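If you read the sequences in order, they're chains A and B. Numbering-wise, full-length UniProt numbering puts 251 at position 251 of the first sequence, and it's gapless, one number per residue. Numbering-wise, full-length UniProt numbering puts 87 at position 87 of the second sequence, and it's gapless, one number per residue.
Keep in mind the hints are simulated off the structure, nothing from the lab. Where hints are given, some of them may not hold.
So the derived list for chain A, only partly shown, Cβ under 8 Å to chain B, looks like this [to be verified]:
| id | residue |
| --- | --- |
| 1 | I21 |
| 2 | L118 |
| 3 | R189 |
| 4 | E192 |
| 5 | Q203 |
| 6 | M204 |
| 7 | V207 |
| 8 | G209 |
| 9 | Y219 |
| 10 | L221 |
| 11 | I237 |
| 12 | Q241 |
This structure is a prediction, so every number in the text was calculated from the model and none was measured. C-beta: ideal position from N, C-alpha, C; glycine also.
So the chains spell out like this:
2 protein chains.
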Amino acid sequence: MESIRVYAPATVANVACGFDIFGFAVNRPGDEVVLTKKLTPGIVIKEITGDEGRLPKEVAKNTAGIAILKYLEFIGQPDQGFELSLHKDMPLGSGLGSSAASAVAGVFAANELMGKPLSQKELLPFAMEGERVACGSAHADNVGPSLLGGFVVIRSYDPLDIIQLPTPSDLYASIVHPQIEVNTKDARRILEREITLGKTITQMGNVAGLVAGLLTSDYDLIGRSLVDVIVEPARSILIPQFQEVKAAALQAGALGCSISGSGPSLFALSKGEETAKLVAKAMSEAFNAVGIGSEAYVSQINQQGPMIR
Amino acid sequence: MESIRVYAPATVANVACGFDIFGFAVNRPGDEVVLTKKLTPGIVIKEITGDEGRLPKEVAKNTAGIAILKYLEFIGQPDQGFELSLHKDMPLGSGLGSSAASAVAGVFAANELMGKPLSQKELLPFAMEGERVACGSAHADNVGPSLLGGFVVIRSYDPLDIIQLPTPSDLYASIVHPQIEVNTKDARRILEREITLGKTITQMGNVAGLVAGLLTSDYDLIGRSLVDVIVEPARSILIPQFQEVKAAALQAGALGCSISGSGPSLFALSKGEETAKLVAKAMSEAFNAVGIGSEAYVSQINQQGPMIR
Chain A
1 MESIRVYAPA TVANVACGFD IFGFAVNRPG DEVVLTKKLT PGIVIKEITG
51 DEGRLPKEVA KNTAGIAILK YLEFIGQPDQ GFELSLHKDM PLGSGLGSSA
101 ASAVAGVFAA NELMGKPLSQ KELLPFAMEG ERVACGSAHA DNVGPSLLGG
151 FVVIRSYDPL DIIQLPTPSD LYASIVHPQI EVNTKDARRI LEREITLGKT
201 ITQMGNVAGL VAGLLTSDYD LIGRSLVDVI VEPARSILIP QFQEVKAAAL
251 QAGALGCSIS GSGPSLFALS KGEETAKLVA KAMSEAFNAV GIGSEAYVSQ
301 INQQGPMIR
Chain B
1 MESIRVYAPA TVANVACGFD IFGFAVNRPG DEVVLTKKLT PGIVIKEITG
51 DEGRLPKEVA KNTAGIAILK YLEFIGQPDQ GFELSLHKDM PLGSGLGSSA
101 ASAVAGVFAA NELMGKPLSQ KELLPFAMEG ERVACGSAHA DNVGPSLLGG
151 FVVIRSYDPL DIIQLPTPSD LYASIVHPQI EVNTKDARRI LEREITLGKT
201 ITQMGNVAGL VAGLLTSDYD LIGRSLVDVI VEPARSILIP QFQEVKAAAL
251 QAGALGCSIS GSGPSLFALS KGEETAKLVA KAMSEAFNAV GIGSEAYVSQ
301 INQQGPMIR
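Using the sequences plus the hints, can you model the full thing?
Right, here's the structure in full:
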């Protein structure tokens, strides 16, 4: 095999109560990488589409490029050459794990072309290196679910300990990306560095409830647990119309609604595809009411991670 | 039915990472209440054994008495009279939920004698009132598991939302109660009121991991998640020989080990009864090495709560 086309899914990180520890993948949007072996050393980024010219073609600065580079070093094949095309099928800076999806698609494609010396899970550290380039720290809450699929818990970063949870089959995500920009670094800076013990206890209760709800298919419990007293109160200020959009989602039947990653996208979880579609529509309309355009996506929880096309 | 004998189990609250939100019940030790209807109004505490004379016989100050009183008011039978005997089969002030077990046994017995107007779960608020008398605040992390059995998550206190988790059948607790005293109020006072965001994230990861481990019978994951970076570092200072006892438990094969409630008892969880017995022995010996005597208990996770005898 000399060439491969891989699609990696977008992801919702944090998932209300699980700042830095929860994430899940959706079927779309996502990113596509076409990777082709070449006979001379070095990685060449031939083409990037869908980024409006915003992403760097320099390999060491490109999230997919750096992930492949680190991977090749690790497997002892630093001289293997590749030609890479990246097709962004999702908005940049949206809080949907755009850089993570590119890194995952890239390193997954490389591993396939090299004859799969590593397991899917073993690719995680290289995709995380791509994240470090994109947002300054090697987070795993987007890369983890994009690579592994499903709902993911990062129990620990040091050592890295990632757990995949099965999700109820009728659980659907509605994602709405408003056409506004939030800087990820601002979104992190706005967070309190010290949390009261009371809030920590509340948040832990919801973390426990969400995991239990997912594992026992208790939709009500999932809904009651989608509460964030630590991050959402701070970050929602950066998203105009946040309270109205959230209220519209709940009104339309969502189990819960919060910020996807560092925003500005919002996600909601619902029981059933029909409800999830109504929820997405209601959220878009609430943004529209103040003249903010948006893109909406409805998807089951993606269960497989990257896909060869 | 005019008289009943009820046994309610001891409990381990917090369970390492789950301060104020996790608790589980064990088969022994526990408390026994004998409750008898009488024809005249009022509750009379006839006898208390096993408390070395330390518990109040005044109904409004006794955890079982107050729980029954509040219960009778709620069901609209404030004039029903009872005679109560309380047999403490566990050490007081041990961190094993002694006051909770008494309150649970009392209110469960009263509900039986009154013809079960309330469900087992509906008895919780009255048992919590007993806790308020005993320790100044209406915690549910001992009362919840003692009343309901199993491993319990208190997702929320307001409104009260308690979830029962099934536990793996081969999961055993070793509990060692050293003959030292820790004041619960000191144990709460020593806690930091502000937690760093980093520690909160670590703790949430372990909370998520423990729930997932219990629900999927993943013993390794249970072990990796029994880590407490918030409360144990502060409270362990109040327990002489803590680090050595914990190390001895892990050395003997425990999945994890931490403080039971506010201490001084320590608990460990293990896979299998044989290991749990070795762990209890190792923990007792580690206390013994510095001349601290102790009582040890080994038990499966209790699954039923109070038991009519």
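Taking the hints in turn, this is what the structure says about them:
1. I21: holds, 5 Å
2. L118: Since the shortest Cβ distance to chain B is 22 Å, the answer is violated.
3. R189: violated, 12 Å
4. E192: Result: holds, 7 Å to nearest chain B Cβ.
5. Q203: At 6 Å from the nearest chain B Cβ, Q203 of chain A passes the 8 Å test, so the hint holds.
6. M204: With a minimum Cβ separation of about 5 Å from chain B (threshold 8 Å), the hint on M204 of chain A holds.
7. V207: holds, 5 Å
8. G209: holds, 4 Å
9. Y219: With a minimum Cβ separation of about 14 Å from chain B (threshold 8 Å), the hint on Y219 of chain A is violated.
10. L221: Holds. Min distance 7 Å.
11. I237: Nearest chain B Cβ about 17 Å off; hint violated.
12. Q241: violated, 27 Å
Checked against the numbered hints given earlier, the structure breaks hints 2, 3, 9, 11 and 12 and satisfies all the rest.
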